[in-house]
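Chains as they are written, first to last, in this note's numbering: chain A, 1 to 90; chain B, 1 to 429; chain C, 1 to 949.
If a hint is listed, it holds; no wrong ones were tucked in.
No more than 20 Å apart at the CA atoms, straight line, and that leaves these computed lysine to any residue pairs for SDA-like: (1) K642(C) / P629(C); (2) K158(B) / D153(C); (3) K495(C) / A538(C); (4) K208(B) / T549(C); (5) K157(B) / P155(C); (6) K208(B) / E541(C); (7) K261(C) / N13(A).
Note that these hints are calculated values from the structure, not bench results.
Chain by chain, the residues:
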Amino acid sequence: MLLVPCPNCGPRNSADLRYGGESHARPDPATASPLQWRGYLYLRDNPADWLRETWYCRSGCRRWFTLERNTATNEFRDPPLPGDKRGGKA
Amino acid sequence: MRRRPAKYSAAALAWRGLRGDSWPRVWRDTELKRSYDAVVVGGGVHGLATAYYLARNHGITDVAVVDKAYLGSGASGRNTAIVRANYLTPEGVAFYDRSLQLYNSMATDLNINVMFSERGHLTLAHSDAALRTMNWRAEVNKLQGVNSSVIDPDEIKKIAPALDTSDHPRHPILGALYHPPGGIVRHDAVVWGYARAADHMGVEMHQKTEVLDILCTGGDGPDGKGAGGRVTGVRTNRGDISTPVVVNCTAGWAGLISAMAGVRLPITTHPLQAAVTEPVKVFLNTVVVSGSLHVYISQTDRGELVFGAAVDPVATYSIRGSLEFTEELAGHVLELMPGISRMRLLRQWSGLCDMTPDYSPVMGFTPVDGFLVDVGWGTYGFKAAPVSGEQIAAAVATGKTPELIAPFALSRFDTGDLVGEKGAAAVGH
Amino acid sequence: MTMSRLGSQPTEVIDRSTTLRFRWNGKRFRGFEGDTIASALAAAGEHVFSRSMKYHRPRGMLTADFWDPNLLVQVGDDPNVRAGHRLLESGMDVHPQNVWPSLRHDIKAANGLVARFLTAGFYYKTFMRPQKLWPTYERVLATFAPGGKVDLDTPHRYHDKRYVHPDVVVAGAGPAGIEAALAAAAAGARVILVEHEHAVGGHLRYSSAESARTALSELRAALDASDVEVLTDSTVTGRYEDNWLGIVQRNHPIAVERLIKARAKVLVVAPGLIERPFVFAGNDRPGVITSGAVRRLINLWGVKPGERAVVFSANSEGDAAAADLDRVGVEVAAVIDGREGRRVSAAQGPPKALEAVVAGGTRTDADLLVVAAGWTAPTSLLNMAGDRPVYDPDAARFFPSDPPSNVLATGGLAGDGSLDELRAHGAATGRLAAQRASAVAHRLQARTARALEVTGDEPDWAADERTPLGRSPHPELYRSDTHGMIDLSEDVGSKDLVAAAREGYDSVELAKRYTTATMGSAQGKLETVNTVAAIAEARGETIAQVGTTVWRPPYAPLTLGALAGRVFEPVRVSSIHPWHEANGVHTILAGQWIRPDHYGDPAAEVRNVRTNVGLIDVTPLGKLDLRGPDIPNLLNLLYTNKWSKLPVGKVRYGMMCAEDGVVLDDGVTGRLGEDHYLMTTTSSGAASVWEWVENWLQTERPDWRVHVTPVTTAYTSINVAGPKSRELVSRVTTGVDLSPEAFAYMEVRTATVAGVAGCFMWRIGFTCELSFEIHVPAGHGLHVWEALMEAGADLGVGPFGLEGQRIMRLEKGHFIVGQDTDGLTLGPSTGLSPLIKLDKDDFAGMPELAWAADRQLPMIVAIQPDDPGVVPEEAAQIVRGDTNEILGRITSSRMSPTLGRSICLGQVEPELAAGGTKLTVLLTSGQRISATVIDHHAHFDPDGERLRG
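When you get a sec, could you build the whole thing from the sequences and use the hints?
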């Protein structure tokens, strides 16, 4: 059971949160080409390394936020980042 | 390069037993050459099947299968060895049905007993909605000639008396999709069988050989990688190999290997956990799956119950296993079979699964010439290994995408033409 | 091997004044309080306890503890009980396992005669032909499955779980573990000390030396005086991420087994060492026993293990066993000293007993062979923490390498030393653990700074300045000059492993898989190192070169009951549920909700709604209360249609699509006030749409001012439907003009209903009748329902359930997300393209929906079978003529009581979507029928005159 550092609630068991996956910027829907948009929908960096990802503290503060976690070791980088969505591979 | 195999049979066993003779090596231990006609990355069931069919069906024997650990060390040896063909989409059914046929004849084809136990496969429905999906699958299956039907709780009880088919308040068993041709196979035997048969035809297996980079030229990315380029070789921890064809048959590391060629995949990597109990006398003669309880159960001939579940929700490359998995699993198993609460969990483990957005694999050619993928196998790779190997080998040999795997092309994510297995395969084992 | 009870021993744990009667193998036996099942049987002279898995060889006692592979028995309905560990209880009914027809005469022992053919991997090499016969072979092989029997009527007895957040957990209460716990507690840490055995003390418990007994009583007294929580007969089963520990407590007074989940700040691993068997011919014969087992039998339970012993000793424990034997009157016929290079070669005798021991060419008569050949370090918890232990050939065992800094090893796992040195190392470990735990505690508190004030700076991460324990030299003793059994659980011998390695299965993992060595009930604790040694020998390499295998959790097997705990499966019901139950409801499960499906005759319920008025409880309908000035922007972003100009009091339908254009949810949203809206979602989408809304607001549009409150269960929702619904509602409603002019279709009001203020009243419905949907503050739901029933008695009011509603919605042609749509259904396929406003700036899924507008997509259409009496099953496939080509499917179907004919919704290929198209529907019976696509989705009242009324 991972201990997830929620910026509001402190460390919580991962079962208390929803994992939102790799965070990635949403292309401008007005100008995005099909390839760009489907890249946003489907393609992932999926690194075995540091990754920026979103979490939702569904049993606590009910905030979505972004964290950096190393997907090879499951360590979180301290402190948590504010709730932005830029990123992918950290 | 063709070698005379030591044939397996009861008579040969008896003869060697009487003489006290030992058996020859199942595959040779050879030097890594500097060049091959094709390099298959990943010594699991998919990679080995690909190599086997390259040699057997197309006479392409100058092939190296490289694996960073030992053969079958990844998902091939960690899955719960269930095979079935009762998928939801016509393309899925046709594909897995071919796989099941190949499993059926595998023991004689490969001259090794893979212990295919065609014991039937039950997918339980706990809600009207689930029952509707079961009916849908049964209808699609029937149209494709696959034996699969929806049965009621009385029939379920006859097939699997351990199941609680009473009027349970929370997860009543309302019916099940019954698929008699489904069953279990000894997964390791499939690995060894393909390796041994491929070896006999000249294919080389190289264990502890890790791919560090894929060498490309002419692509639009750095170092000649990426779209428009072509493969020239592979860099390994044992030196460079030149080759015009690299097939990525890895699971768990598919994204990392593809990135070495500059190909981005629609994949996230999640652990899939499994567990086994201590053995008890056999009481369960079929495979039982519950989608809404996220559990599948079978009992081996050795008497152990083998359990699996859905993939872990958090993407990671760490495969240490979790306590909550065993807790949830036990709770769900006891919902279905309350009588086994005194059985003890003996061992848990996990493997990596490459999940795609439409719960279907990514197979065939990529924007890099000579770089093929057979990846994104989620939780259903084992059951597809024979047909995948056969079809990917055909793609390599002919340069064309075989019809059976055309729906699974990487390009479908550019055009948005996804495969509709998601509904059925959310926990489809 | 003739065992019997000795006179009283100074260290014994049995209470000779309390006799316990039990049955073994159908016969009556007696033991004492404090005996294990096995010690009681041994004291009564039993020496064969089981038959081996493959060859069905008689097996005696080997280690006399939890890990003894030969001591698995059935106790009542409890299979695979560890008789070497489980305490004897009065009335136990104990049976041997895996024997047929009996322990004494086992027919399958004939397998032993063909052992030379049952070589490693023999299954793989035969039974291929004829293929048809494999199921028969398989059934025969399955009868060889080892283990006990499950009684499928076993109840799931009481199990609970406990959560703890200790500073330090110490796994293992030998002298080092106890000292670690005491030192950590003395430094102020909250400590849990977990001991696998029934009492603390480790090897001190079965040492007859005066010094050991003194030390043990000192340590026990110190523990009693401390704040350390001691759990005996409990095992740390796993160390998971961030020091999340599973602990199984087997001796809980109420729970059969209890799972304790601990988030330990620091874990101290002190399990001691496990004695390793030695491999030689006949090493699995009854009478061959480890030195530790001998000492336990004599000193804990007062059991004389034999009459004439040979001791093969390579260490002081073996010497101590020889001394114990001598002391209690067992003749020690020979001591074979492994430190002098001597080896035992064979244990000989008839099948069920030991007669003689062969060593160095000398045959010595004996009924007991005691083996002290070295140790296995149970590094499992360290492995689970990511450590890769390393082999030291001089000490002939593995040692920890580099565990994470919140996991500390002490005791025999960490090294050797005198009792004082081990105790000192334990104490130093405890102090270090307490220091590090306080640093962890400070950091956790700092991370939760909103709740707690953090005082002071974070303490430094204490450096490891413990004086390391030494390593005693020990000969590398794995196999003698003969071959023997390596894995007694699985009947895998050293010959099998050598053969496997020669065949190419020459890494530990491949050999394990090929031979099944280490896969059995002992989980590799006894056999792993010997397995590695056999492979190393076959490869001509060292043990260090071959490396070890990964130990996987759990450390000790635990019951599914303990893992499951109490099975909590909550269900949800509305406040009206008692009324439904009192009125003959037939319920249906929808997610967690138990809902009224019908009350006996759904068709009659439909007819009543169509002619009079009916009530349905639609409480699970998802409801989100939205407040703030940016709500129109939010709605424009989430729904495909436009929301900028919705007046107060008006309601609009909307469809939500995901970013890939696939239909996600639908429902109506009403504007209750200037900055106040109520959004409704599908029942199944209530939770996910809320998270979806929050995700957009928090991550994509954090500048927008919208506050979202889920109010699904805060309101009981009742839909009043039928031509007489206005009349009925008007009788109980105040504060709202219900006339069609004042309160039109698709409007919402706040009303007082049956005296309950603050109800939201909507003119919407799923039934295509005039209807009013009332959201009543949940506490008053039942009251309002009953008031409506009472007030409408003369109007013919009656309840209707989900089935009636589904029939009526199908008559109206409303699709249900998730039933008529699937995971690939794009917005335009629903036929609601006019609601997809591509001229908006942005909304979820917009690009995909824009591209989809130009594509030919499968469509949802209304279908009527040409034979009105045939209802195709939901899932029936639509095919091309007589072929098996699939062109669509029926997604919803019912017999319409209103129209007296079968009606359907289905998904079809685009070329079949036009009204009037003839379809072939394949029924599940295999019959093909013809059907026709109708012009619009509504089978009934296509112009909506009834619901606007």
